[in-house]
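These are the residues of each chain, in order.
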Amino acid sequence: MLRDITLGQYYPVDSPVHRLDPRTKVILTFLYIIAVFLVGNLWLYLPVAAYLAFATWMARLPAGMMLRSLRPMRVLLVITFVLNLFFFSGAQELVRIGSIVIWREGLLNALIFTFRLIFLVTGSSILTLTTAPVTLTDGLERLASPLRIIRFPAHEMAMMMTIALRFIPTLIEEADKIMKAQTARGADFETGNLMARARAMIPLLVPLFISAFRRAGDLAMAMEARCYRGGEGRTRLHQLKYGRRDALALLSMLALYLMILLPGWLA
Amino acid sequence: MPIVLEQLSHHYRSCPRVSVALEDISLTIHDGELLALIGHTGSGKSTLAQHLNGLLEPTSGRVLVDGEDINQKGARRRALRFRVGLVFQYPEHQLFEETVFKDIAFGPKNMGLTGQQVDQRVREAMARVGLDFEEMKDRSPFELSGGQMRRVALAGVLAMQPRVLVLDEPTAGLDPRARDFLLGDIKRLNQEGTTVVMISHAMDDVARLATRVAVLEKGRLVMQGSTLEVFSQQERLAAMGLDIPDGFKLARRLRQAGLNMADHVHPEEIADALAAAIRGGGGDAA
Numbered sequence: 020m021l022r023d024i025t026l027g028q029y030y031p032v033d034s035p036v037h038r039l040d041p042r043t044k045v046i047l048t049f050l051y052i053i054a055v056f057l058v059g060n061l062w063l064y065l066p067v068a069a070y071l072a073f074a075t076w077m078a079r080l081p082a083g084m085m086l087r088s089l090r091p092m093r094v095l096l097v098i099t100f101v102l103n104l105f106f107f108s109g110a111q112e113l114v115r116i117g118s119i120v121i122w123r124e125g126l127l128n129a130l131i132f133t134f135r136l137i138f139l140v141t142g143s144s145i146l147t148l149t150t151a152p153v154t155l156t157d158g159l160e161r162l163a164s165p166l167r168i169i170r171f172p173a174h175e176m177a178m179m180m181t182i183a184l185r186f187i188p189t190l191i192e193e194a195d196k197i198m199k200a201q202t203a204r205g206a207d208f209e210t211g212n213l214m215a216r217a218r219a220m221i222p223l224l225v226p227l228f229i230s231a232f233r234r235a236g237d238l239a240m241a242m243e244a245r246c247y248r249g250g251e252g253r254t255r256l257h258q259l260k261y262g263r264r265d266a267l268a269l270l271s272m273l274a275l276y277l278m279i280l281l282p283g284w285l286a
Numbered sequence: 002m003p004i005v006l007e008q009l010s011h012h013y014r015s016c017p018r019v020s021v022a023l024e025d026i027s028l029t030i031h032d033g034e035l036l037a038l039i040g041h042t043g044s045g046k047s048t049l050a051q052h053l054n055g056l057l058e059p060t061s062g063r064v065l066v067d068g069e070d071i072n073q074k075g076a077r078r079r080a081l082r083f084r085v086g087l088v089f090q091y092p093e094h095q096l097f098e099e100t101v102f103k104d105i106a107f108g109p110k111n112m113g114l115t116g117q118q119v120d121q122r123v124r125e126a127m128a129r130v131g132l133d134f135e136e137m138k139d140r141s142p143f144e145l146s147g148g149q150m151r152r153v154a155l156a157g158v159l160a161m162q163p164r165v166l167v168l169d170e171p172t173a174g175l176d177p178r179a180r181d182f183l184l185g186d187i188k189r190l191n192q193e194g195t196t197v198v199m200i201s202h203a204m205d206d207v208a209r210l211a212t213r214v215a216v217l218e219k220g221r222l223v224m225q226g227s228t229l230e231v232f233s234q235q236e237r238l239a240a241m242g243l244d245i246p247d248g249f250k251l252a253r254r255l256r257q258a259g260l261n262m263a264d265h266v267h268p269e270e271i272a273d274a275l276a277a278a279i280r281g282g283g284g285d286a287a
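If you read the sequences in order, they're chains A and B.
For this note's numbering, add 19 to where a residue sits in the first sequence, where the first one is 1.
For this note's numbering, add 1 to where a residue sits in the second sequence, where the first one is 1.
The following block holds chain A by itself, in its conformation from the complex (with noise of 0.2 Å):
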């Protein structure tokens, strides 16, 4: 039941984009982004779905995957889709419906912004599966470093991080052996309104808190144990060092935002 959450899931096979630097996913991911949101015409996305299907191919991620990763979108991009065909006036009328009218524009619009939601979920899902989160964190340490000048605490945030990401499965799997402890006294998740459910969940959290709260301090004790006091002076064990691989990744980024800008300079 539990286990279903794929929530920044890693995918843990080799492949030249898992070797890539975090800190070079992480800026590729947010240059992707960023293009996505400039593609204004649909024939764009076409360089779009062909970066993405190389950089799938690349992490060796099964398709399937990049697709399951759209799931919990769906209700939403639906919406996305329906609102913008309804609600968009144009010049060119396409359907008449009685007094509802499907416009050219409202049409081209609304296929324009549900794949800008599909490239930017699938595209953004690749940073999360290809990367541990530790090192994700890791990246985006070195990434935010700089900031410490204007006192962001940059280590504390991605310590802060690592252990909340470090300690999601260990829940996960702590609520679900609870939630089975309680079922096997009869306890009952699944049926009853709202407010019944609700009270259903106490013999849930009670002791899921307390547990929380029991690791924690253990946590807390093992890492003063080792002698942690924060980020200063703090050496790693990992040094991030950015290689020809990288390079190769940014100059691929690089092609596409050609690809995709060249067309409207040219015209």
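Possibly wrong hints are sitting among the right ones.
Within a straight-line C-alpha distance of at most 30 Å, the following computed DSS-like cross-link-like pairs (lysine-lysine) qualify [as the list claims (entries may be wrong)]: (1) B:Lys-103 <-> A:Lys-199; (2) B:Lys-110 <-> B:Lys-138; (3) A:Lys-196 <-> B:Lys-74; (4) B:Lys-110 <-> A:Lys-196; (5) A:Lys-260 <-> B:Lys-188; (6) B:Lys-138 <-> B:Lys-74; (7) B:Lys-188 <-> B:Lys-103; (8) B:Lys-138 <-> B:Lys-103; (9) A:Lys-260 <-> B:Lys-110; (10) A:Lys-260 <-> B:Lys-138; (11) A:Lys-260 <-> B:Lys-250; (12) A:Lys-196 <-> B:Lys-250; (13) A:Lys-260 <-> B:Lys-74; (14) A:Lys-199 <-> B:Lys-250; (15) B:Lys-250 <-> B:Lys-188; (16) B:Lys-219 <-> A:Lys-260; (17) B:Lys-74 <-> B:Lys-103; (18) B:Lys-103 <-> A:Lys-260.
Where chain B lies over chain A, by a calculated footprint (3+ residues, C-beta under 8 Å) [as the list claims (entries may be wrong)]: (19) 201–210; (20) 225–237.
Rather than coming from a laboratory, the hints here were simulated on the basis of the structure.
Note that the Cβ used here is the ideal one computed from N, Cα and C, for glycine as well.
Please arrange chain B on chain A, whose structure you already have, making use of the hints.
Okay, now just chain B, sitting in the frame of chain A:
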């Protein structure tokens, strides 16, 4: 109310691979027995336990309780859970109520019993695990000692008066005194007619209580038989990384020393056999 497992398999789907947790298990749990389930960590013992009351559904194969397939459509699985009580590992982590009474009453209340019946059930359950009703009922379960918390959790399952009790590592993490208490409770329950399935790493506990032992390795049922039969095969168990009870080790050492010594399940029997061997002049002892 026998439980029959027929060619039961369970596969966990976790990307990118499918891992096999249980493969082709056929096992019958007879009325009134105390079956110990042993095996290395990750051998599938806990997964198997969760099939006994329908918390997990087999990928293939059937679980029959009282001759009824518990995973078929329309099976009343909730009612089943009141008949097959499952006590998880570290059950004290599932306590959640403000008072001991309320926590133990959770199961019986879910059964839809009246207030008076619930009260009666809680009293009986607490008595069975040696908790004093008047003294404990209004205390918070979180201010108790580890051993007491575990007994409250056990009482929470016993209050449903299950015919079959499944215990996953019931003595893990308890001090010797609390462990002795708990094992005594389990033995008494079994003698009073409750069928017990006990998962354990502690082979001495198994030797003390079990009437039958089943051994799992890598999701397969590799041995089953009486406690004596299973633990006599020390080489096979050692190959799986499993220990044998102290009594069996002692008998083995005595045999290696040249004494004519058979395997015995209970230490008392070994003591008697040893005394007999010595008194008999220690025939082949020298």
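We went through each hint and held it up to the structure:
| no. | hint | verdict |
| --- | --- | --- |
| 1 | B:Lys-103 <-> A:Lys-199 | holds, 19 Å |
| 2 | B:Lys-110 <-> B:Lys-138 | holds, 16 Å |
| 3 | A:Lys-196 <-> B:Lys-74 | holds, 25 Å |
| 4 | B:Lys-110 <-> A:Lys-196 | holds, 21 Å |
| 5 | A:Lys-260 <-> B:Lys-188 | violated, 62 Å |
| 6 | B:Lys-138 <-> B:Lys-74 | violated, 40 Å |
| 7 | B:Lys-188 <-> B:Lys-103 | holds, 26 Å |
| 8 | B:Lys-138 <-> B:Lys-103 | holds, 8 Å |
| 9 | A:Lys-260 <-> B:Lys-110 | violated, 61 Å |
| 10 | A:Lys-260 <-> B:Lys-138 | violated, 62 Å |
| 11 | A:Lys-260 <-> B:Lys-250 | violated, 57 Å |
| 12 | A:Lys-196 <-> B:Lys-250 | violated, 36 Å |
| 13 | A:Lys-260 <-> B:Lys-74 | violated, 57 Å |
| 14 | A:Lys-199 <-> B:Lys-250 | violated, 38 Å |
| 15 | B:Lys-250 <-> B:Lys-188 | holds, 24 Å |
| 16 | B:Lys-219 <-> A:Lys-260 | violated, 42 Å |
| 17 | B:Lys-74 <-> B:Lys-103 | violated, 33 Å |
| 18 | B:Lys-103 <-> A:Lys-260 | violated, 58 Å |
| 19 | 201–210 | holds (count 7) |
| 20 | 225–237 | holds (count 4) |
Hint compliance for this structure: hints 5, 6, 9, 10, 11, 12, 13, 14, 16, 17, 18 are not met, and every other hint is.
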